[in-house]
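Protein chains: 2
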Amino acid sequence: MCTMPSRTEFELISRIRGRKPPNNSAVRLGIGDDCAILSTLPGNELTVTTDMLIEDVDFRKAWMAPAFLGWKSLAVSLSDIAAMGATPTACLLALALPPELTGRYFDQLIDGFLDACDFWAVPLAGGDISSSEKVCLTVTAFGTVPKGKALRRSGARPGDLVAVMGELGLSRRGLQILEEEQPAIAELASSEELEEWAQTPERARALRAHLLPRPLVAEAIWLGENGLAHSMIDVSDGLLADLQHILEESGVAAEIDADSLQPLQ
Amino acid sequence: MCTMPSRTEFELISRIRGRKPPNNSAVRLGIGDDCAILSTLPGNELTVTTDMLIEDVDFRKAWMAPAFLGWKSLAVSLSDIAAMGATPTACLLALALPPELTGRYFDQLIDGFLDACDFWAVPLAGGDISSSEKVCLTVTAFGTVPKGKALRRSGARPGDLVAVMGELGLSRRGLQILEEEQPAIAELASSEELEEWAQTPERARALRAHLLPRPLVAEAIWLGENGLAHSMIDVSDGLLADLQHILEESGVAAEIDADSLQPLQ
Chain A
13 MCTMPSRTEF ELISRIRGRK PPNNSAVRLG IGDDCAILST LPGNELTVTT
63 DMLIEDVDFR KAWMAPAFLG WKSLAVSLSD IAAMGATPTA CLLALALPPE
113 LTGRYFDQLI DGFLDACDFW AVPLAGGDIS SSEKVCLTVT AFGTVPKGKA
163 LRRSGARPGD LVAVMGELGL SRRGLQILEE EQPAIAELAS SEELEEWAQT
213 PERARALRAH LLPRPLVAEA IWLGENGLAH SMIDVSDGLL ADLQHILEES
263 GVAAEIDADS LQPLQ
Chain B
13 MCTMPSRTEF ELISRIRGRK PPNNSAVRLG IGDDCAILST LPGNELTVTT
63 DMLIEDVDFR KAWMAPAFLG WKSLAVSLSD IAAMGATPTA CLLALALPPE
113 LTGRYFDQLI DGFLDACDFW AVPLAGGDIS SSEKVCLTVT AFGTVPKGKA
163 LRRSGARPGD LVAVMGELGL SRRGLQILEE EQPAIAELAS SEELEEWAQT
213 PERARALRAH LLPRPLVAEA IWLGENGLAH SMIDVSDGLL ADLQHILEES
263 GVAAEIDADS LQPLQ
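So the protein lines, in turn, are chains A and B. Residues 13 to 277 in the working numbering are what the first sequence lists, from first letter to last. Residues 13 to 277 in the working numbering are what the second sequence lists, from first letter to last.
Treat each hint with caution, since some may be false.
[What the hints assert, rightly or not] Listed below are the simulated DSSO-like cross-link pairs for lysine-lysine, each with C-alpha atoms no more than 27 Å apart in a straight line: (1) K32/B x K32/A; (2) K73/B x K159/B; (3) K32/B x K159/A.
[Unchecked claim] Chain B stretches covered by chain A per the calculated footprint, using a threshold of three residues with CB under 8 Å from any CB of chain A: (4) 50-57; (5) 63-76.
Keep in mind that the hints were calculated from the coordinates and are not lab data. Beta carbons are placed, not taken as given, at the ideal position from N, Cα and C, and that holds for glycine.
Throw the hints in and build the complete structure from the sequences for me.
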């Protein structure tokens with residue numbers, strides 16, 4: 013069902029298969045059949061999440077280097093896996109892009125995606141490639157967690173402490189910088205160029221949070237394994253909006269000490 | 013990460029959650045958390061596939077009623093699950109559409125999708141909703157199969173019979189009718205209207221194959237359970253192209269008796 017004049021779907025898939033995936037025993041059969049096959053360890057359950065990133069809605073090609081887009085598309089899904097206290101095991105990528113971007117742009121996007129796969133040891137087990145006017149990625153990510161141990165939104169209890177990992181608003185600050193200063197994509201095509209263009213460490217941190225996020229996957233798993241959290245959520249809409257989801261699902265209320273929230277430097 | 017002026021993301025999710033999903037013990041946690049949680053029966057493996065349908069690439073809004081689009085988007089993914097000899101257990105839907113389609117169009121699309129979920133007893137366990145200029149759906153479907161029993165493309169052996177279920181080219185014939193006659197969407201918005209507009213049973217069959225496909229899920233599972241097939245594939249690019257995938261992966265050759273292929277009536 014694919015229209016792809018420049019490079020064919022099969023050429024693009026070969027490009028992906030040319031890179032050795034990280035090893036993960038959860039993947040019994042990877043790219044190349046009608047389905048991938050995953051196994052779950054006895055006593056474990058599978059967590060799964062799917063997220064779309066769409067050009068001009070979730071990102072602008074003008075600011076977002078394809079390698080960063082590939083990286084970020086996996087990172088945001090792994091953040092959902094980690095928010096359940098689960099360990100990421102595999103992912104799928106459904107990618108649609110205009111025929112004129114199936115060359116260098118595709119290669120850089122896929123390399124960014126596979127760099128993230130390597131970084132978190134999450135093999136790309138399958139997917140779909142299609143054409144479209146605007147770039148669109150749907151990433152489905154899988155995780156594993158001991159039965160009954162996933163940290164649900166409904167798990168919060170009276171007496172729990174509300175705690176945040178990472179810096180609230182940092183990614184938003186990065187987006188603001190990009191919107192205000194509109195850098196040329198060529199100035200921001202690699203991690204090194206990002207540092208240089210940012211000029212100050214604070215600005216670089218904000219830009220990285222937006223363009224090359226590193227969800228705190230190991231930290232979230234550690235919290236779950238050590239029974240240190242009853243409930244977790246991936247903060248994407250802001251502290252109050254996302255805390256509200258936990259409160260509603262758990263049937264509890266929360267008190268936030270506004271002074272404890274430090275504004276970004 | 014959602015921009016949705018007309019109905020909010022949360023209103024759309026409520027609309028989906030308003031319909032009771034079919035029961036399936038594989039889904040431990042459905043819509044409403046950072047991830048869905050799935051369990052696999054002991055001794056079983058999970059099969060998973062993801063497919064995109066994109067407006068003006070895979071379908072035209074002018075011919076494809078939203079209810080048919082919803083139905084078809086699940087059907088094509090279940091066809092991949094069935095091609096492994098696996099039993100479908102759950103699905104995820106990532107849906108992007110223009111803000112002006114979040115009313116009636118969204119409702120009909122979701123109802124078509126959930127009708128297919130009911131028909132195949134496959135609960136919608138989660139997903140993502142976003143906005144876009146063109147309608148875009150990514151469906152991820154899950155299945156379960158006894159360990160080592162999935163029918164892979166690599167399983168064909170010398171002496172195997174090449175057999176086809178369904179009628180080759182029927183969906184393509186349906187597409188041709190639509191392209192040539194360009195019916196108004198209002199004439200083709202329900203199964204009954206399709207029958208009426210088609211005029212003859214042959215034309216209705218072709219239109220249904222394209223707009224409201226029913227992959228032979230039970231038949232494929234039966235073939236697998238009874239050890240009657242060594243290898244299977246979902247035919248979407250045509251007999252020769254898709255057979256070629258089996259031959260390459262299995263390291264075998266095939267002989268096709270052209271006279272055995274009956275042209276469509």
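Going back to the hint list, which numbers does this structure go against?
Violated: hints 1 and 2.
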